[in-house]
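Numbering (the working numbering), first residue to last: 1 to 398.
If you are wondering where the hints come from, they were derived from the structure by calculation, not from laboratory data. Predicted, not measured: the structure shown is a model, and the values here were computed from it. Heads up, some of the hints might be wrong.
Within a straight-line C-alpha distance of at most 25 Å, the following computed BS3-like cross-link-like pairs (lysine-lysine) qualify [as the list claims (entries may be wrong)]:
| no. | residue 1 | residue 2 |
| --- | --- | --- |
| 1 | K345 | K188 |
| 2 | K195 | K347 |
| 3 | K347 | K363 |
| 4 | K188 | K347 |
| 5 | K195 | K345 |
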Amino acid sequence: MEHRIVVLGAGYTGAVAAGRLARRLRREDVSITLVNAESDFVERVRLHQLAAGQDFAPRPFDAMFAGTGVELRLGRVAAVDVDRRTVAVDGAAGREELAYDSLVYALGSGWNDGGVPGVADHAHELASRPGALRLRARLDGLAAGGTVAVVGGGLTGLEAATEIAESRPDLDVALVVRGGLGDWLSAKGRGHLRKVVARLGVTAHEHAPVAAVAGDRVTTEDGAVVPADVTVWTTGFAVHPIAAATALDLGDDGRIVVDATMRSVSHPEVYAVGDAALAVGPEGRPLRMSCASGVPMAWQAADALAARLAGAEVPTVPIRYFQQCVSLGRGEALIQFVTADDRAKEKALTGRTAVLYKEIICKGAVWGVAHPTMGLPTRRRRVAAPALRETAPARATA
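Model the full assembly from the supplied sequences, consistent with the hints where possible.
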């Protein structure tokens with residue numbers, strides 16, 4: 001009898017959780033199935049680079065999980081039934097139903113149009129590889145003198161605007177932000193950001209909430225018009241909608257409410273990680289949707305689930321923040337150091353040092369997916385007999 005673990009989503013968090021579980025538990029005792037729509041790992045933190053015309057070597061999951069015992073199931077998750085403990089997956093052969101004993105929900109998030117008129121019809125998103133490739137094709141077809149408006153002043157917006165401006169100096173790039181440019185940064189960070197934005201020729205429209213998007217313009221709430229042959233919408237993320245159709249307890253934003261071990265507060269056989277989970281961080285503040293939150297959440301969930309199955313003490317490691325890393329094109333970057341609860345400190349790195357720092361972080365994130373125990377030796381534990389007996393209904397295929 002195997003304890004069946006199904007992991008939904010193979011972004012940073014799902015892939016790390018699956019790989020870490022495989023290294024924590026004996027293969028004879030568990031089956032680990034990782035469900036994902038794509039066969040290659042997507043470096044989400046580099047999608048702005050992909051959109052700007054840069055190419056990256058594929059990272060196939062078959063190679064990444066070779067020899068681990070993790071089974072990749074290609075398909076899109078259509079539904080989750082937490083009462084029957086089943087997942088419906090649409091794959092190449094049609095719909096399949098997978099039964100689980102434990103579920104790790106890591107479907108993450110997509111773009112959020114905020115309900116602003118015209119966004120869904122006219123704007124481009126950078127929350128997925130298909131979206132980044134569509135934007136890339138549109139930028140490739142844009143003639144010199146074309147206009148690009150990037151809406152959103154968070155990490156994704158800053159990286160997209162500066163990357164596009166650096167790679168296409170023949171375009172007129174604007175950055176439209178609701179508040180002040182970099183108002184969440186330290187004084188040093190804001191000063192460096194403004195200097196780089198100005199040097200790249202990006203026009204910043206501050207305190208300019210967007211009211212509507214059309215095929216050739218962005219209109220702000222005060223009636224100002226920003227010309228835009230291409231609009232890139234980066235104002236935030238929306239959680240995957242599958243969880244909303246389940247009986248799981250959710251927060252107001254649709255994220256799954258979890259405890260300190262990333263376990264659902266309503267369904268103990270379900271764990272949620274990454275952008276899908278509503279977890280409390282330092283000072284009682286919810287962890288933000290980010291890779292910086294998601295990977296430690298995946299470590300915590302995998303270690304807690306493995307410990308419970310083995311009948312061992314469940315570890316809990318507080319999740320905290322250290323820095324926010326922002327690339328500003330290939331030649332500049334900003335590393336803003338933060339408090340444990342994600343508030344900016346005055347200390348920040350800039351220039352080439354920051355570029356190298358950011359690149360190390362990006363490469364380290366990918367290395368961590370392939371090495372989810374961070375290169376440390378591991379011991380695969382046996383699953384306790386009671387856990388093996390706690391099985392879900394028999395697997396069925398439709």
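Structure versus earlier hints - violations, ascending order = Per hint list: zero violations.
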